[in-house]
Amino acid sequence: MQFSENTLQQVKEIIARYPEGKHKSALLPILHMAQDEFGGWLDVPVMDYVASLLKLEPIEVYEVATFYSMYNLKPVGRYHFEVCHTGPCMVNGSDDIIAYIKNKLNIEVGETTSDGMFTLKTVECLGACGYAPMMQLGKFYKEHLTKEKVDQIIDDCRKTASLQN
Amino acid sequence: MGRKILIDKVHIEGIRFFDTYRKNGGYASLEKALKISPAEVVEEVKKSGLRGRGGAGFPTGLKWSFLAKPEGIQRYLVVNADESEPGTFKDRYLMEFIPHLLIEGMIVSSYALGANTAYIYIRGEYAWIIDILQKAIDEAKEQSFLGKNILGSGYDCEIFIHRGAGAYICGEETALLESLEGKRGNPRIKPPFPAVKGLWDCPTVVNNVETIAAVVPIINEGGDEYALIGIGKSTGTKLISACGNIKKPGVYEIDMTISVEEFIYSDEYCGGIPNGRRLKACIPGGSSVPILPANLLLKTAKGETRLMNYESLADGGFQSGSMMGSGGFIVLDEDQCIVRHTYTLARFYRHESCGQCSPCREGTGWMEKILLNIERGKGKMSDIDLLWDIQSKIEGNTICPLGDAAAWPVAAAIRHFRDEFEWHVQNPEECLRRNYGLAGYAEPLEAVIS
Ligand SMILES: Cc1cc2nc3c(=O)[nH]c(=O)nc-3n(C[C@H](O)[C@H](O)[C@H](O)COP(=O)(O)O)c2cc1C
Ligand code: SF4
Ligand code: FES
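Chains as they are written, first to last, in our numbering: chain A, 1 to 165; chain B, 1 to 450.
The set of hints was computed from the structure by calculation and includes no laboratory data.
From a predicted model like this one, the values you see are computed outputs, not experimental measurements.
Among the hints, erroneous ones may be present.
Claimed, not checked - Just so you have them, the derived chain A footprint on chain B, three or more residues with Cβ under 8 Å: (1) 22-30; (2) 316-326.
Claimed, not checked - Within a straight-line C-alpha distance of at most 30 Å, the following computed DSSO-like cross-link-like pairs (lysine-lysine) qualify: (3) A:12 / B:35; (4) B:183 / A:139; (5) A:121 / B:148; (6) B:247 / A:121; (7) A:121 / A:104; (8) A:22 / B:183; (9) B:183 / A:12; (10) A:121 / B:248.
Virtual Cβ for every residue (Gly too), placed ideally from N, Cα, C.
Produce the complete structure using the sequences and hints provided.
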């Protein structure tokens with residue numbers, strides 16, 4: 001297991017943002033990169049690799065990876081729907097959107113479709129309360145969700161996936 | 001129409017990029033600051049009366065003056081862009097649409113504090129904003145407004161972005177520093193305060209994005225001029241992110257002299273409540289501050305018009321007032337269920353508790369469970385008193401203020417809407433049939449606006 005040359009270069013740049021000897025600070029950003037590069041989640045060998053790269057004890061990596069909600073400790077689908085359900089989104093109909101997605105994909109919250117394509121998760125406020133209901137999909141937010149928009153997003157994901165395969 | 005000094009230029013095409021930003025007066029405050037001493041910059045910020053925009057409202061100039069300055073030890077400026085308080089999305093707006101304002105404010109502030117390195121700690125979910133900020137940083141460096149020997153002044157400054165990974169608690173300044181050091185976001189016991197022992201044990205100032213952005217107009221116009229905007233100790237302008245049941249959710253820059261009523265109903269701001277519904281309640285400063293029923297929101301207990309500023313929103317204390325907080329303004333119409341809304345907030349705090357202190361770790365979980373029971377029609381009358389008891393035992397008994405932040409919303413909901421909790425206990429069938437949308441239940445309010 002190893003990062004690509006390109007990523008290793010980025011790792012170096014990230015470590016250089018912090019003073020000499022404070023390379024542990026690079027852990028959070030590098031875990032993000034590891035998750036992106038090694039299949040969307042942090043398996044133990046991935047965490048051990050990050051530990052060796054940063055010369056940390058593996059436990060130092062595990063304790064961080066388990067603290068933050070963005071690190072996935074289990075495999076997730078190719079597209080990860082993270083729908084916000086905190087108060088402001090709830091009053092704008094997030095419950096209906098979650099129910100609609102569950103029904104459409106035939107999964108419960110926390111589950112992945114059998115083809116490994118979609119995972120549905122509920123998350124707490126993502127700082128988009130004025131554009132509710134909303135979800136995070138990869139790097140971007142999908143806001144002002146409606147059932148039609150959800151249909152469109154699912155179609156787009158399927159299309160992109162079939163083009164990439 | 002109030003004055004806008006932070007986001008007045010966001011509608012100029014290309015303002016995100018250096019050239020346009022510069023052509024429209026950008027980086028003038030840096031040129032001005034470099035001609036005076038760091039102490040003079042701090043003095044201007046003191047004179048401005050600027051108060052921290054992250055939630056606590058602590059005077060920024062005073063905070064800066066506490067920064068320890070031992071010889072030969074690095075100092076740091078850390079910008080808090082963790083923005084995770086439900087209802088709050090103003091920093092995102094500022095960074096997304098006018099990133100150079102933050103970068104300019106950071107360089108000026110770092111100069112004032114004698115820091116040569118500054119970090120932006122940004123919540124991990126704002127992934128695309130990181131690219132926008134990085135581009136702004138790169139542009140500023142190319143133009144010698146950032147980096148070594150800025151504009152020939154001999155002053156060096158570097159800015160780095162540090163991406164978080166999903167944890168509200170990392171907005172608390174000492175948890176943020178732990179996270180920036182590559183650890184779990186467990187708040188530290190204070191004292192020592194970051195100004196003495198902060199990032200890697202060095203003296204550190206942590207400020208909110210909006211606070212640092214406000215340094216730009218303060219230096220451009222002078223602290224005294226800035227202090228003329230607003231009212232009393234609420235000087236300058238404030239960004240309010242408005243959401244919930246309003247016609248025009250979004251981010252508004254207000255002059256802190258307008259009334260809450262104007263903010264909610266005027267077309268310049270929220271535009272009123274949609275679908276002809278009436279206003280029921282509002283959480284005016286982000287999820288942690290007390291909820292107010294419509295009558296106490298628009299007028300204080302003394303019958304005075306409530307204004308959108310620190311003092312007026314807090315008028316009446318927790319009995320009949322609330323707080324400005326982060327400026328996350330959540331409006332609920334007459335169809336909204338207070339119990340359900342409060343439950344989502346309790347769930348939020350349980351999810352976000354770091355788990356270090358038992359009152360917070362256990363209490364937030366208990367509150368969530370009891371609220372869910374009541375909401376589902378499975379509650380008992382004694383549960384309401386139990387909730388009250390639990391929240392009162394969290395408040396003030398924890399390492400960091402997250403415990404208080406979790407207790408206050410529950411306390412205020414019971415204080416002002418106890419009858420609605422009782423209604424849930426007495427009408428279990430009704431609760432089961434409809435999770436929310438208790439139309440006709442909400443106390444009828446006089447139509448407050450003609
Ligand atoms: C639980 C908790 C969460 C917080 N979240 C944020 C946040 O997301 N952004 C922020 O600027 N301040 C947040 N704060 C306040 C910070 O601790 C700190 O007071 C603030 O960043 C100081 O900046 P200011 O003086 O410019 O407001 C939070 C505080 C607590 C207790
Ligand atoms: S109050 Fe809660 S969040 Fe704060 S330190 Fe204690 S357990 Fe952690
Ligand atoms: S409540 Fe959903 S983004 Fe804030």
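How the hints compare with the structure:
Counting residues of the segment 22-30 of chain B whose beta-carbon sits less than 8 Å from any beta-carbon of chain A gives 0, not enough to reach three: the coverage restraint is violated. Coverage of the segment 316-326 of chain B by chain A is violated in this model, with 0 residues showing a Cβ closer than 8 Å to a Cβ of that chain against a need of three. As the CA atoms of residue 12 (chain A) and residue 35 (chain B) are separated by approximately 36 Å, the hinted pair breaks the 30 Å bound. Distance hint between residue 183 (chain B) and residue 139 (chain A) is fulfilled; the C-alpha atoms sit about 23 Å from each other, no more than 30 Å.
The hinted pair formed by residue 121 (chain A) and residue 148 (chain B) fails the criterion: a straight-line CA distance of about 45 Å is larger than 30 Å. Under the criterion of a C-alpha separation no larger than 30 Å, the hint pairing residue 247 (chain B) with residue 121 (chain A) is consistent with the structure, at around 29 Å. A hinted pair counts as satisfied when its Cα atoms are at most 30 Å apart, and residue 121 (chain A) with residue 104 (chain A) qualifies at roughly 14 Å. Between residue 22 (chain A) and residue 183 (chain B) the CA atoms are separated by roughly 12 Å; this keeps the pair inside 30 Å, and the hint holds.
As the CA atoms of residue 183 (chain B) and residue 12 (chain A) are separated by approximately 19 Å, the hinted pair is consistent with the 30 Å bound. Our distance criterion of 30 Å between C-alpha atoms is met by residue 121 (chain A) and residue 248 (chain B), whose separation comes to about 28 Å.
Hint compliance for this structure: hints 1, 2, 3 and 5 are not met, and every other hint is.
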